[in-house]
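*Asks:* Sequence:
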Amino acid sequence: MLGLPARGLHRSVKNHNVDFAAIYDWIEASVLFLGEDVAGADIVDLLRENEIYRDQDFAWDLVNIVFAAIRSRARKLGEGYPIRVSGGTRVVGVEDWREFPAYAFCLALSLPSVYPTWARDFGQDYTAQGELFEALTAESVSRSFQDWTVHPTGWTKSNPSQLGKIVEDLAAQLGEATGELKRWTAASAKEAGLDLLCFRPFPDGRVGIPVYLLQCASGADWKTKLKTPDLRIWTKIITFAADPKKAFSMPYAIEEEEFIQRTNVVDGLLLDRHRLLAPGLGEKAWVSGELAAKLVDWVSERILTLPKVAALS
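The working numbering numbers the first residue of the sequence shown as -13 and each following residue consecutively.
No lab work stands behind these hints: they were computed from the structure.
All C-beta atoms in this analysis are idealised placements derived from N, C-alpha and C, irrespective of residue type, glycine included.
Heads up, a few of these hints could be off.
What the hints assert, rightly or not - What follows is a set of in silico ranges between Cβ atoms, one per label pair, in the way DEER data are often shown:
id, residue 1, residue 2, range
1, Asp107, Asp82, 21 to 29 Å
2, Lys211, Arg169, 18 to 26 Å
3, Ser58, Glu166, 42 to 50 Å
Please work from the sequences and hints to get the whole structure.
*Replies:* Here you go:
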């Protein structure tokens, strides 16, 4: 198994004083990236050995919560979910993780919150992961909203463009007029927090259509970006006939109560890991071959050094 999460585990006596999202990612990563089954008894033993839990029955209660969550994810994500509960006693992998590049990528992106020291070894340049996550989001939205147009803004650190050019391009895509760009943005604003333009055009080509301005956040600092893109800015630099809505994508899987709270902050469409990977419900290989290969390469390099525990006796 992988080592216990470095964050989110606290002494649990009468209440489960743990971060369930961290627990789920820990178990999934152990199964997926180490290619081994994880028995409920091993989880209990490890938690008790590290004095997170004292009572064996209470530790088993946590394990049963984990099992229920994995069964729920298997129902929601179908063929695109690489993990199952077997015999009510252990968590097992369906196939090699490379057969599930989208899920493996999102899970690996989430692990810095579980193992921050491990993540620091890869440096502070997140350009590559950001570009890959944006590409994955674009393919996901295109699959989920098949009548919609998904248009990347075109700005990345490896291919910078001026905000003015981006605004002109987006306005042309929508048939809208540009507004006061210089007044409402700074020169360093880049794309002002906008990664993808998503809209549903009509044959008449007129304005007043459903529009989402989508921000992709691949890193552990996603909570600080929930209010981007700033619609107060975008509705001034493009004179929308009808106000657009915000959308936000991230690789993390969060609990239901937090999902509701974060959706309220976004005030629009929130694509967490489960919604983002929904196209895999009936089709395991839904990601394009070119992107899948890039995701596998990115994940392969990082999982080699994940912290492990000694074999349990």
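*Asks:* Would you pick out the hints that fail for this structure and give their numbers low to high?
*Replies:* Those not satisfied: there are none.
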